[in-house]
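Asker: Single-letter residue listing:
There are 2 protein chains.
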Amino acid sequence: MAQSISDRRDVQFVLNEQLTIGDLCKGIYADLNTKTFDLLMNEARNLAVKELLPILKECDEEGCKFDNGKVITPEGFKRAWKLFCEGEWLTVADDMEVGGQGMPQVLAVASLELFAGANMAFSIYPMLAHGAGKLVELYGTDKQKELFLGKMYSGEWGGTMCLTEPEAGSDVGALTTTAKDNGDGTYSISGTKIFISAGEQDLTENIIHPVLARIEGSPPGTAGISIFLVPKIWVNDDGSLGEDNDVVCDRIEHKMGIHASATCQLTFGSKGKCRGMLLGEVNKGMRIMFHMMNEERLNVGVQALGAASASYLLALDYARQRIQGKNLLAGKDAPGVPIIQHPDVRRMLIKMKAYVEGLRSLNYYTGVCMDRARIAENDEEKAYWQSFVDILTPVCKGYSTERGWEVTVDGIQVYGGYGYTTEYPMEQIARDCKITTIYEGTTGIQAMDLLGRKIPMKDGKVFMALLGEIKKTVAEAKGIAGLEELAAKVDAAADKLAETAQALAKAARSPKVMTAFANATPFLDSMGDVLLGWMHLWRAAVSAPKLEKAVGGKTGEDRAKAVASNKDAAFYDGQIQTAKYFINVILTTTLGRMDSIRLLEDAPVEMADAGFGG
Amino acid sequence: MAQSISDRRDVQFVLNEQLTIGDLCKGIYADLNTKTFDLLMNEARNLAVKELLPILKECDEEGCKFDNGKVITPEGFKRAWKLFCEGEWLTVADDMEVGGQGMPQVLAVASLELFAGANMAFSIYPMLAHGAGKLVELYGTDKQKELFLGKMYSGEWGGTMCLTEPEAGSDVGALTTTAKDNGDGTYSISGTKIFISAGEQDLTENIIHPVLARIEGSPPGTAGISIFLVPKIWVNDDGSLGEDNDVVCDRIEHKMGIHASATCQLTFGSKGKCRGMLLGEVNKGMRIMFHMMNEERLNVGVQALGAASASYLLALDYARQRIQGKNLLAGKDAPGVPIIQHPDVRRMLIKMKAYVEGLRSLNYYTGVCMDRARIAENDEEKAYWQSFVDILTPVCKGYSTERGWEVTVDGIQVYGGYGYTTEYPMEQIARDCKITTIYEGTTGIQAMDLLGRKIPMKDGKVFMALLGEIKKTVAEAKGIAGLEELAAKVDAAADKLAETAQALAKAARSPKVMTAFANATPFLDSMGDVLLGWMHLWRAAVSAPKLEKAVGGKTGEDRAKAVASNKDAAFYDGQIQTAKYFINVILTTTLGRMDSIRLLEDAPVEMADAGFGG
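The listed protein sequences derive, respectively, from chains A and B.
Be aware that the first sequence starts at 1, since it is given in the numbering used here, and climbs by one per residue.
Be aware that the second sequence starts at 1001, since it is given in the numbering used here, and climbs by one per residue.
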């Protein structure tokens, strides 16, 4: 039977052969081993394939219902949530001291790929529950941890992330929700938040809302924002549930996709009875919330990877089954062939494969960076890997979601007319995936973060260190027969990226600053492409020697036969072909895009507002 | 009030200033003038804005209902159809002798842009009614014309296009519908067709289905296909309606978008009582149907243009209204600004504008080519312009729909989270638009047509003649102050396109033929980009002298003030800025893509099927 969601062999390849996660088994991971990791991934796949995927379509059709303040999630979610919590997936990579499974972060990434690929809408609930719990773990008082953390990490209670307001979307500093000190350790919260995922649901008995609000008298803008834990139902000092806490869900949004994810408008304190507890220090709310935001940004990139991967495997399977037309080289009386034989379909499939696998490597790599920071033996090492996480976060979010979305659109196209019907899952996967380029900060926001904050980190040294990692792979690949040219191309692309970043950084300090930032998104795209070129070169460098071993020096047709008949050889050859495709086709186009960025064309900025027409 | 659907000023610019359609007023158009054209465009806009646009959302929500073989279209369609037919929009560009309005084809294009931009799903019904009628006009016997044509061109009866079958999608030659000669001038038709737009509906009292079928004993493949006129209700010899003709709608598809367009599965002759009349000669069905297909392919490109244009104007208006964040250059206490001031939003808007306007010029130009063929004074001239229509058809279809779709996706992104909700029209416009890359032949099919059939037309002379037209504009623009560099870049891009086409043509005649065709879609994309570069250069060449006149030699801030305060100056300056953006940013990236094509990377073809994984 065809595989679904994500290619098991490729996942294993990235974890064990490319990123060699066995090397992580030291420090806090000293008691773990790759066998445990394999078992965990099998369990994740089982849950995804057997429980989350079968309810995908009903999630779209049933969606969430709204009834007088209550949200009814799809029927299948109750069982799915229960199993998800029982499997302790909420805390797969959290420390055992706080009730976690203590696994490496990279496995949280790999399992989220499966969960989101199986059911994007479902995956949002645990993402938020965990993220909110993490804030309590990191910033809560002992009392707050005692009251909330166990219940949140076990999934008995849910969580959210309450930033956005009607007039303060991406501009969080403009929020108007207020908090008034009651003098008893609580604050009265008053305001309205919109677009709150999982803001109300019927999966958990309580929901803990981290809410950004301004304490009366605090300064305007982000410097005056504090964060509060606001339970849906008040939690008494002994941990028992108290009164309803005056948090009302006024409406849910009707959306293009993720119909089963409740996107809520929440009003806090309309009866003056909503209380919250300050989390962390006064006026430090943004910094605290950013921790959750960064976690979710990485998660959202992985969600898009999951959707893209699911779409790819479905398209691949369809292309192998669907008989249409004749082979281009065959006579007109030839029999019909599966559409995978048509060159344009192959082009779509290899493009989808190249993005999916490249994004998998990139997102898993970022997970490994987090793990390396966790097991680092000294602060310097820790800072080194953490800085990679910081610079990669906007790329993982912005680039993975844009390219992941494109893959899901290609998936529709491979199916042709059927892809446009709701009979097949392709259009739903795409509709669900589209949200990933928007929530947790649009692509434009990620691009501004990358260019404005992350590239300049430590005077550009973090960016240069990352390029240094690319150069290591380039150096290795240059010594592998058949990869010399690909290595040289990735090398040149990395150099051009550095040049482009320098040109933009210089422009950003000049009167052309607006033009520099009008190039932020193309730069994000280019950096993502170069990183994926690196990942594919790395994959090829790992695969080439193994392929040679598997085909035992054969050439020409004998080699082709060996590749076609040996599963491992086919896989490794597929890695090298995909690297050739990505580096020669995609990355060559990227060189053109980087040329265009360095022209620093002013037109987007120079055009008079009236010149846009309308 | 903000404009909707398409920018009136830009439409007028293309028609009157760029393409100078007044020059068409000779031959069959001798009695017309630009004033008539303006009146016609005003009427089209009225119908689109006042009737079709207001029912857009209900079309999505109500959709088509299916009830025991009947299709119920949205309530609003009855009035819309009536007004559409009363306005004689079905036959706006048909000869007056057959009941048409006798207007130039370019105005049929420009009005379809408005209708499709207002309501994509609605626009499908008249497209098919007209296309089917056109087949009767061109290939029908006098009797067939007498029976059908008046009713079809007036919109009393509808039409369809019955090609696709469950096992014969893009591979029409594999169809299994049969026709048996009854010896009385009729044939018994038997078979099932799927994905039949407007296959059943409640707008017209009858529907005439052009149906591809194989007469018993005809050869296999496309060479044995004939085409039949199969009425839903039989039409008696005196023109009166007879019996139900055994054409049954079994189901309608549920789709990602165009919910109000009935996509039907039709079974012909399940009771053995379905009759059709042969249209044209036996076994010439494909050639005849291709006439309709080409008409619809051009229409579909225009549909995508309409959707893109509507999305752009909505996004532009939103960006001018929506206050979020501060100007990048302002201090942190500065007030919020409309998001059009943010560089990344400007980038999205200018990109959308550049594609919309470029596509408008390209699609209108193709309409003008049809008109020039119609008014040609000799066969050679006629053939010259007709050959442009032939080579441009797959580009207008394939490229307009892909880029149009991308624009509608950008439109969602400009709206941010709101774009993803059904509260705003952005996500519907995108969902509706997605079908355009699929129906009437997917993008891949268009690309194969372009590379395999159209580029080689007359040994490449048509392609070279088209490049010759580009060179004329380049030569003119090189003489205009400020445009020299842009002209040189378009020139170089056109040369590179020629080089790329030659490389692919050579590869197509070599063992690398599969690799050549794996590059068909990137070539289509590149050719579209170069054509749009041409169109933008042309626009700039028309605008530059008019801008100079409007700003009267002013420079620096005085000039900027003059541009901002003078509507015409703002428009012409906007043209030049957009040309700079498209040629420097988009076209520079395209150079990279053309480089990548010329590498003729074999990986998509060489990869073993097993190498794709799954």
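By construction, these hints were calculated from the structure, which means they are not laboratory data.
Every value quoted in this text rests on a predicted model; they were computed, and no experiment measured them.
Note that beta-carbon positions come from the ideal geometry of N, C-alpha and C, so glycine has one too.
Misleading hints may appear alongside valid ones.
[To be verified] Keeping only pairs whose Cα atoms sit at most 16 Å apart, straight-line, the calculated EDC-like set for lysine to aspartate or glutamate is: (1) A:LYS326 with B:ASP1171; (2) B:LYS1326 with A:GLU17; (3) A:LYS561 with B:ASP1609.
[As the list claims (entries may be wrong)] The following label-pair restraints were derived from C-beta to C-beta distances: (4) B:LYS1057 with A:ALA334: 28 to 36 Å; (5) B:LYS1057 with A:ARG559: 54 to 62 Å; (6) B:LYS1057 with A:ASP379: 16 to 24 Å; (7) B:ARG1287 with A:GLU61: 38 to 46 Å; (8) A:GLU423 with B:GLU1381: 45 to 53 Å; (9) A:ASP237 with B:ILE1323: 56 to 64 Å.
Asker: Decide, hint by hint, whether the structure agrees.
Answerer: Hints versus structure:
no. : hint                                : result
1   : A:LYS326 with B:ASP1171             : holds (8 Å)
2   : B:LYS1326 with A:GLU17              : violated (47 Å)
3   : A:LYS561 with B:ASP1609             : holds (12 Å)
4   : B:LYS1057 with A:ALA334: 28 to 36 Å : violated (48 Å)
5   : B:LYS1057 with A:ARG559: 54 to 62 Å : holds (59 Å)
6   : B:LYS1057 with A:ASP379: 16 to 24 Å : violated (57 Å)
7   : B:ARG1287 with A:GLU61: 38 to 46 Å  : holds (44 Å)
8   : A:GLU423 with B:GLU1381: 45 to 53 Å : holds (49 Å)
9   : A:ASP237 with B:ILE1323: 56 to 64 Å : violated (43 Å)
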